[in-house]
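Undergrad: From just these sequences and the hints, can you work out the full model?
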Amino acid sequence: MWSFSDISKSIDTWLNATFSPTWVMVIEMIIAGVCVIGLFAGLGLVLVIMERKVSAWIQIRLGPNRVGPKGMLQSLADTVKLLVKEGLTPDGADKMLFNLAPVIALIVAMLLMAPIAFARNFQLWDLNIGVLYVSAISSIMVISILMAGWASNNKYSLMGAMRSGAQIVSYELSAGLSIMTVVILTGSLNFNDIIQSQADGWWLFKGHIPMLIAFVIFIIAVTAETNRAPFDLAEAESELTAGFHTEYSGMKFALFFLAEYVNVFIVCAIGATLFLGGWMPFHIGHWEAFNHVMDYIPSSLWFFSKTFFLIFLIMWFRWTFPRMRIDQLLNLEWKYLLPISMFNILLVTIMAILGWHF
Amino acid sequence: MFLKNYILDIYHAIKSMLIGLRRTGYYFTHHKEIITQQYPENRLTLNLPDRFKGEVVMPHDDKNEHRCTGCTACELACPNGTIKVITKFDISPEGKKKKAIDKLVYHLELCTMCNLCVIACPSDAIKMAQTFEHSVFNRSELTKILNNPDSKIMDGVE
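Top to bottom, those sequences are chains B and D.
Everything in the first sequence is counted per numbering that gives the first Met the number 0, starting at 0 for the first residue and increasing by one.
Everything in the second sequence is counted per numbering that gives the first Met the number 0, starting at 0 for the first residue and increasing by one.
The set of hints was computed from the structure by calculation and includes no laboratory data.
Treat the hints with care, as some may be off.
[To be verified] Pair by pair, the computed Cβ-Cβ distance ranges are:
#1 LEU87/B <-> LEU45/D: 40 to 46 Å
#2 THR44/D <-> VAL66/B: 51 to 57 Å
#3 ARG42/D <-> LYS94/B: 50 to 56 Å
Just so it is clear, CB atoms sit at the ideal spot from N, CA and C, and this is done for glycine as well.
TA: Set out below in C-alpha cells:
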C-alpha cells in the first residue's frame, strides 16, 4: 500500500543517487516549499467552500450551487476574481508595513506547518520542542494584524487590531495551559512522542474528565486566537466594517483570508495531534482484531479526517453563536477559562504523578 | 456561596450552548428544512408565504364591480403619498347624487408595501397581491390605475 513516507523516501533516495548532497538539500527544500504552498492553495479552496456550505445548511439555505457540480467550483471562481482585482494601497497608509502585513500573516502560517506530522513518518521538521515552537510562532500572528491595522491609517482598522491584540494575548494563556496538560501526561514536547504515547488510546479518552475540559478549553481558545466568530472582534463586520483588513483589496485581502483558513487548519491539526492522536488509528486497549482492522486505514486519512472533524466543529460554533462584546470576551478568558484551566492542570499533574490515566 | 454561583454560571452557559448547537446541528443534518427558492427555474411552482406583499391591487368580480366607495381612507393612511383617489359623483336612477371613484391612482414606485392602506380600508376593496416582477422600461408604467375602466361599485357596499 502506498503512503506518504514511502513516496518521500523514494524521492530522497533517487535525489541522493543523482545529485551531490548540497543540491539534494536545496532541491528538497524547494519541493517542500512548493508542497506547502500547494497545500495552502488547496486548503483555501476546500475550506472556503466547506465554510459556505456548512453555514448555508445551518442557516437553512442552499449555499453556492451554480458554479461547477453542486457549486463546488465557487471558491475557484472567487480566487480568479480576487487575482485579477486591483490591489489598492491607500495614500495615507504606511506603504511598507501595509504591504508587508499580509505576507507576514502567510509566513507565520507556513512556519506553523513545519512540525506537524501529516502521516506516519511524514513530517517537514521533526523538532524536539515542537509544541513550544508552535505556541511561540502562533503568537507572531498578532503582529501581522497589528501591523495591518496600524499601517492602514484608518480608525476602524486600528480598533480592530487593538481588540485583536487584547484578545490573542489573553487567549494564548488558556490555549497554552490546555496544551500543557498533554505535555504533562506525555512528558515530551516532541509531536512524534506525543502521537506515539496515544498508540493505545487517544488522550481525550485516556485522560478522563480533566482532558475533556482541557480539550473544550483548547477549542474555545484557538477559536479566539484565529479571530473567528463568536470571537471575531478584530473584523467585526457590523461595527468595524471589516476591522484590520478594511483597507485591503484584491490579492492582499486574499492573503489575509487564506491565512485565516490555514490558521484554522493548523490549530485543528495541532488539536487533533494533541488530543485525538494525530495520524494514530483508533485503538481500543487490547482488542487485537479491532486494532488490526483500524491499522488498514492509511495514517494520512486518519490525520485529515480528525483535522476536518475539528474544523467542522469550529465552523459549527461560528454559525451558532453571536459575536461577543470585548468585555464579555475578556471576562470569559480571565474569570472563567484561565482559573478553570489552572485548576485543571493541577488535576492532570496529580493524575500523571499517581498514574491514574490508562 | 460565590463558588456555587460560579459553577452554576458555567453549568448554565454550557447548557445553553448545547441547546444552540443542537438546533443548528438539526438544521445542518435535515436538508428538508431548507427554505431557499431557486427563483428563475421555479417561476411556475413558486411557493410564497401568505405574508408576502408584492403590490396593491383592487379585486373585481366577473360583473366588473369592485368594493371601493371612494372614502379616501387609504389615501389618508398612506405614509408617502402612494395612493391618490379621484372621486366623481354618480347620479343614481332616483336622481340622487352618490360619491364614487373615478380613478384610484397607485404609484408603485413610491410604495413600500407597508400594508397600512389595506388595513385602513373599511370595505375590503384593496388587497396585497403576490406579484413581484415589477421591472419596466418606462417609469410612467409604474403609475397604475387600480379600478378597471367602466367598473362600478358592487351593490350593497356603502
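Undergrad: Could you run down the list of hints and mark each one as holding or not?
TA: To see whether the hints hold, each was checked on the structure:
| no. | hint | verdict |
| --- | --- | --- |
| 1 | LEU87/B <-> LEU45/D: 40 to 46 Å | 42 Å, holds |
| 2 | THR44/D <-> VAL66/B: 51 to 57 Å | 24 Å, violated |
| 3 | ARG42/D <-> LYS94/B: 50 to 56 Å | 51 Å, holds |
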